[in-house]
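Listed here are the chains, written in short residue letters.
2 protein chains.
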Amino acid sequence: MKFCPNCAAILTIKIPADDSRERHVCEACGSIHYQNPRNVVGSIPVYGDQVLLCRRAIEPRHGYWTLPAGFMELGESTSHGAARETLEEAGAVVRVGPLYSLLNVPHAEQVHMFYLATMAYPEFSAGEESLEVALFHEHEIPWGELAFPTVKQTLEWFFADRAAGVLSGEFHVRSRDVLPSERI
Amino acid sequence: MKFCPNCAAILTIKIPADDSRERHVCEACGSIHYQNPRNVVGSIPVYGDQVLLCRRAIEPRHGYWTLPAGFMELGESTSHGAARETLEEAGAVVRVGPLYSLLNVPHAEQVHMFYLATMAYPEFSAGEESLEVALFHEHEIPWGELAFPTVKQTLEWFFADRAAGVLSGEFHVRSRDVLPSERI
Ligand SMILES: [Zn+2]
Ligand SMILES: [Zn+2]
Numbered sequence: 222m223k224f225c226p227n228c229a230a231i232l233t234i235k236i237p238a239d240d241s242r243e244r245h246v247c248e249a250c251g252s253i254h255y256q257n258p259r260n261v262v263g264s265i266p267v268y269g270d271q272v273l274l275c276r277r278a279i280e281p282r283h284g285y286w287t288l289p290a291g292f293m294e295l296g297e298s299t300s301h302g303a304a305r306e307t308l309e310e311a312g313a314v315v316r317v318g319p320l321y322s323l324l325n326v327p328h329a330e331q332v333h334m335f336y337l338a339t340m341a342y343p344e345f346s347a348g349e350e351s352l353e354v355a356l357f358h359e360h361e362i363p364w365g366e367l368a369f370p371t372v373k374q375t376l377e378w379f380f381a382d383r384a385a386g387v388l389s390g391e392f393h394v395r396s397r398d399v400l401p402s403e404r405i
Numbered sequence: 222m223k224f225c226p227n228c229a230a231i232l233t234i235k236i237p238a239d240d241s242r243e244r245h246v247c248e249a250c251g252s253i254h255y256q257n258p259r260n261v262v263g264s265i266p267v268y269g270d271q272v273l274l275c276r277r278a279i280e281p282r283h284g285y286w287t288l289p290a291g292f293m294e295l296g297e298s299t300s301h302g303a304a305r306e307t308l309e310e311a312g313a314v315v316r317v318g319p320l321y322s323l324l325n326v327p328h329a330e331q332v333h334m335f336y337l338a339t340m341a342y343p344e345f346s347a348g349e350e351s352l353e354v355a356l357f358h359e360h361e362i363p364w365g366e367l368a369f370p371t372v373k374q375t376l377e378w379f380f381a382d383r384a385a386g387v388l389s390g391e392f393h394v395r396s397r398d399v400l401p402s403e404r405i
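Line by line, the protein sequences are chains A and B.
Just so you know, the numbering used here puts 353 at position 132 of the first sequence, and the rest follows in order with no gaps.
Just so you know, the numbering used here puts 352 at position 131 of the second sequence, and the rest follows in order with no gaps.
The set of hints was computed from the structure by calculation and includes no laboratory data.
Here a beta-carbon is modelled for each residue, glycine too, at the ideal position from N, C-alpha and C.
Any given hint could be a false lead.
With the Cβ distance kept under 8 Å, some of the chain B side facing chain A (calculated, not the full set) [said to hold, decoys possible]:
hint, residue
1, 224
2, 291
3, 295
4, 298
5, 319
6, 382
7, 385
8, 394
Just some of the chain B residues that point at chain A, by a computed CB distance under 7 Å [unchecked claim]:
hint, residue
9, 226
10, 233
11, 327
12, 331
13, 361
14, 364
15, 365
16, 391
17, 399
18, 402
19, 403
Calculated Cβ distances over 10 Å to all of chain B for the following chain A residues [claimed, not checked]:
hint, residue
20, 229
21, 255
22, 258
23, 284
24, 349
25, 355
26, 357
27, 362
28, 365
29, 378
30, 386
Use the sequences and the hints to build the structure in full.
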C-alpha cells in the first residue's frame with residue numbers, strides 16, 4: 222500500500238495521535254488506512270460417517286485436498302460464508318451446525334473457522350476452484366496430501382471428538398494458533 | 222476506494238475473470254483489491270461474581286458502557302487481541318479462557334468475538350479510550366446504557382449461562398447475527 226485509495230497521494234507510515242501502532246496515513250486528505258486480518262470460513266460437510274473434501278484447482282496448494290473454505294465476503298455472516306463456500310467449491314448444500322474450530326494463522330494474517338455441517342444427500346460436484354470432490358471415510362483421508370495445517374488439525378480434532386462421542390453434545394470451540402514453521 | 226493503493230491509477234469496479242462478485246480492479250497494474258469484514262475481539266473479564274465494564278471515551282457511543290474490545294490487529298491471534306484490548310482499555314491483566322460468543326454484524330462489516338476471562342486481582346484503570354472502568358454485579362449492570370447490541374447480547378447470555386451453571390463445563394459458542402434495526 223503506497224498510495225491513498227481516497228485521493229491518490231503518497232501515504233506516510235506513522236503512528237497517528239491516540240494510537241500506538243504504525244499505520245498508513247494520508248497527510249493530504251487525513252485518512253488512516255487500517256489493515257486487519259481476514260477470515261477464512263468453511264465447513265466440515267458430513268454425510269453418514271463420511272466427510273466431503275475438495276481437491277484444489279487453484280494456487281496455493283493446487284492439487285491438494287481441503288475442506289471447502291474461502292474468504293468471508295462483505296455483507297455475509299461467518300456461517301453463511303461457510304455454506305456459500307461449500308456450495309461454490311463442492312456443489313453441496315449443507316445444514317450448518319455449530320462453529321467447530323477456530324485457528325489463528327497470524328503470519329498469514331488470517332483466522333480460519335470451520336463449522337460442523339450435515340449433508341442430507343450424497344450430492345456434490347466440483348466447482349470452478351476444485352479438480353474433484355469426494356466423500357472419505359476416516360481411514361481413506363489423504364493425510365499426506367492435505368492443503369493446509371488448519372484443515373489437517375480440524376480433521377484430526379473432528380475424528381478424535383467423533384470417536385470420543387462428544388460431537389453430539391456441548392463442546393468448546395477447538396482452537397489454537399498455527400506457527401509459520403508448520404507444514405503438512 | 223477510488224485509486225489503486227499500488228500504483229495510484231483510477232480503479233474500475235468489475236467482476237474479475239474466475240470470480241462472481243464485483244471488485245475494485247486496477248486495469249493499470251492488474252491488482253484486485255478485495256474488501257473483507259473485520260474482527261472485533263474482546264473479553265468478559267470476571268472477578269468473583271462481578272464483570273468489568275468500560276465507559277467509552279470515544280465515538281461511536283461515547284459515554285456508554287462496553288465490554289473491553291477492539292479491532293484485531295495484524296500479527297496477533299483472536300485471543301491475544303482480546304487480552305490486549307482488555308489491558309489497553311481497562312488496565313486489567315486477564316487470563317483468557319474459551320471463546321464465548323461470536324456475533325456477526327453484517328451491516329457493519331464486522332464479526333464480534335468475546336472470550337471468557339478471569340481477573341486474579343481487582344486491579345484495573347481507565348485507558349485512553351475509556352472514561353471510567355468498574356466492576357458490576359449482575360443487578361448493577363447499566364442495561365440501558367450499554368454501547369452495542371453485541372455487548373448486551375453477550376452479557377445476557379453470560380448471566381443466563383452462569384445461573385444455569387453451564388460456564389464451568391463444555392458449551393457451544395453462543396452465536397447469532399445482529400440486524401441493522403437493533404438498538405440498545
Ligand atoms: Zn488521501
Ligand atoms: Zn494499480
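Are there hints from earlier that the structure breaks, and if so, what are their numbers?
Numbers 2, 6, 7, 10, 12, 13, 14, 15, 17, 18, 19, 20, 21, 22 and 24 - these are the hints that the structure violates, sorted from lowest upward.
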